[in-house]
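Protein chains: 2
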Amino acid sequence: MTGIPIFETRVLPEWIDYNGHLRDAYYVLIVSLATDALMDRLGLDADYRARTGCTLYTLELHLHYLHEVLRSDTVAVSVRIEAADHKRIHATFEMRRVGDPALAASTEIMLLHVQQTSDKVAAAPFPSQASAALAELQTASAALPAEGPVSRRMGLRPPIS
Amino acid sequence: MTGIPIFETRVLPEWIDYNGHLRDAYYVLIVSLATDALMDRLGLDADYRARTGCTLYTLELHLHYLHEVLRSDTVAVSVRIEAADHKRIHATFEMRRVGDPALAASTEIMLLHVQQTSDKVAAAPFPSQASAALAELQTASAALPAEGPVSRRMGLRPPIS
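Quick mapping for you: the protein sequence lines, in order, are chains A and B.
Counting in the working numbering, the first sequence runs from 23 upward without gaps.
Counting in the working numbering, the second sequence runs from 23 upward without gaps.
Some clues are possibly wrong.
Pairs involving identical chains hold if they fit within one copy or between any two copies, as the list cannot separate such chains.
As the list claims (entries may be wrong) - Within a straight-line C-alpha distance of at most 20 Å, the following computed EDC-like cross-link-like pairs (lysine to aspartate or glutamate) qualify: (1) Lys109 x Glu36; (2) Lys142 x Asp95; (3) Lys142 x Glu90; (4) Lys109 x Asp67; (5) Lys142 x Asp39; (6) Lys142 x Glu158; (7) Lys142 x Asp122; (8) Lys142 x Glu36; (9) Lys109 x Glu90.
Just so you know, these hints were derived from the structure itself, not from any lab.
Use the sequences and the hints to build the structure in full.
So this is what it looks like as C-alpha cells:
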C-alpha cells in the first residue's frame with residue numbers, strides 16, 4: 023500500500039462486461055464508494071449530511087487503467103490527500119487486487135464541499151473538525167511514497183516516422 | 023450538439039445517490055455504454071468480437087462534472103474523434119440533459135484495440151473497415167465546434183492572498 027487503506031470490496035458479477043473483466047465504469051464506482059468511506063473518516067457522514075445539508079460534489083476525475091480486474095478478485099483501495107483548501111479536496115485513490123502488489127488503477131479526484139438547500143447548491147467551507155482530519159490525512163499521505171501516474175493533458179503523440 | 027449523436031438513455035433509479043442526483047460513477051457508465059455504441063458504429067460489434075477475439079480496452083479517462091443530472095432526466099451523448107492511429111482512439115464524449123443545451127459532463131477517453139487469447143492480451147491493429155470509419159468520424163468531428171473543457175493536470179492552485 024502506498025496510501026491510507028480506506029475501502030475494500032469483492033467484485034460483483036454485474037460489474038463484469040463482455041470482455042470478461044471489470045467494466046471501466048465500475049472502477050469508478052469502486053472509487054466512488056471509497057470516497058464515501060473517506061467522507062465517513064472525515065466526519066462528513068450520513069448523520070452530518072442530514073443535520074447540515076452539506077455534502078461533497080465531484081468536480082473532476084482522472085483514471086489510469088493499469089491492470090484487468092476479474093470476477094474472482096477482491097480489490098483494496100488506498101487514498102492520499104494531495105491538497106485541500108477551505109472547501110476543496112484533491113485526492114488520489116490507488117486500487118489493487120488483494121494478493122497482488124501491482125496497481126490495477128490510479129485515480130485523481132477533485133471534490134467540493136457544498137450546502138444543498140431547496141432552491142440552490144452553493145460551495146461551503148468545511149467544518150473545523152473535517153479540516154483538522156484532512157490536515158492529518160494529508161500529513162500521513164506525504165510520508166508515504168506515491169506510485170501511480172499523475173494526471174495530464176490527454177493526447178496521441180504523432181507516430182515516430 | 024457539438025459532436026456526433028451516439029447514445030441516449032433515461033436515468034435509472036439505481037443510479038441516483040444520497041445527494042439526490044446521478045452518482046459520479048454512473049456518468050462514467052453512460053459514457054461506457056456510449057463507447058459500446060461507438061464500437062457498433064465502427065464495426066467492432068459483438069459479432070466482430072466473437073469472430074476475431076478483438077475488442078477495445080480503456081486506457082485512461084478524464085471527466086469534468088459540469089451539471090447535476092436528476093432522476094427525471096434523459097441524457098444524450100455525442101462523440102468526437104479527436105485522433106486515432108493504427109490501434110488507439112482518443113475520443114471526447116459530451117453529455118447533455120435532453121431539453122437543456124448546457125453540458126452536464128465532458129469526458130475524454132483513450133481506447134486501445136487488443137486481441138484477447140487464452141493466455142494473453144496484446145495490442146492489435148484496427149481492421150481497415152474500422153480505420154476508414156474512424157477517419158470519416160474524425161473528419162466529421164473536426165467540422166463541429168468543441169465546447170467542453172479539455173483534460174489537464176489536476177491540482178489546487180495556491181489561494182490568492
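A quick look at each hint next to the structure:
Neither within a single protomer nor between protomers do lysine 109 and glutamate 36 lie at most 20 Å apart by alpha-carbon distance, with minima of 35 Å and 28 Å respectively. In this assembly of identical chains, the alpha carbons of lysine 142 and aspartate 95 lie at most 20 Å apart only when taken from different copies (18 Å versus 41 Å within one copy). Taking CA atoms no more than 20 Å apart as the test, lysine 142 paired with glutamate 90 passes between copies only; the shortest distance there is 11 Å, against 40 Å inside one copy. Proximity of lysine 109 to aspartate 67 under the C-alpha cut-off of 20 Å is restricted to the intra-copy arrangement: shortest distance 16 Å within a copy versus 44 Å between copies.
Proximity of lysine 142 to aspartate 39 under the C-alpha cut-off of 20 Å is restricted to the inter-copy arrangement: shortest distance 18 Å between copies versus 37 Å within a copy. With identical chains, the CA atoms of lysine 142 and glutamate 158 are never at most 20 Å apart, being 32 Å at best within one copy and 43 Å at best between copies. Taking identical chains as interchangeable, the C-alpha atoms of lysine 142 and aspartate 122 lie at most 20 Å apart only when they sit on different chains, with a minimum of 18 Å there against 45 Å within one chain. Proximity of lysine 142 and glutamate 36 under a CA criterion of 20 Å is satisfied in neither setting, with 35 Å inside one chain copy and 24 Å between copies.
In this assembly of identical chains, lysine 109 and glutamate 90 lie within 20 Å of each other by CA distance solely across copies; the values are 19 Å between and 35 Å within a copy.
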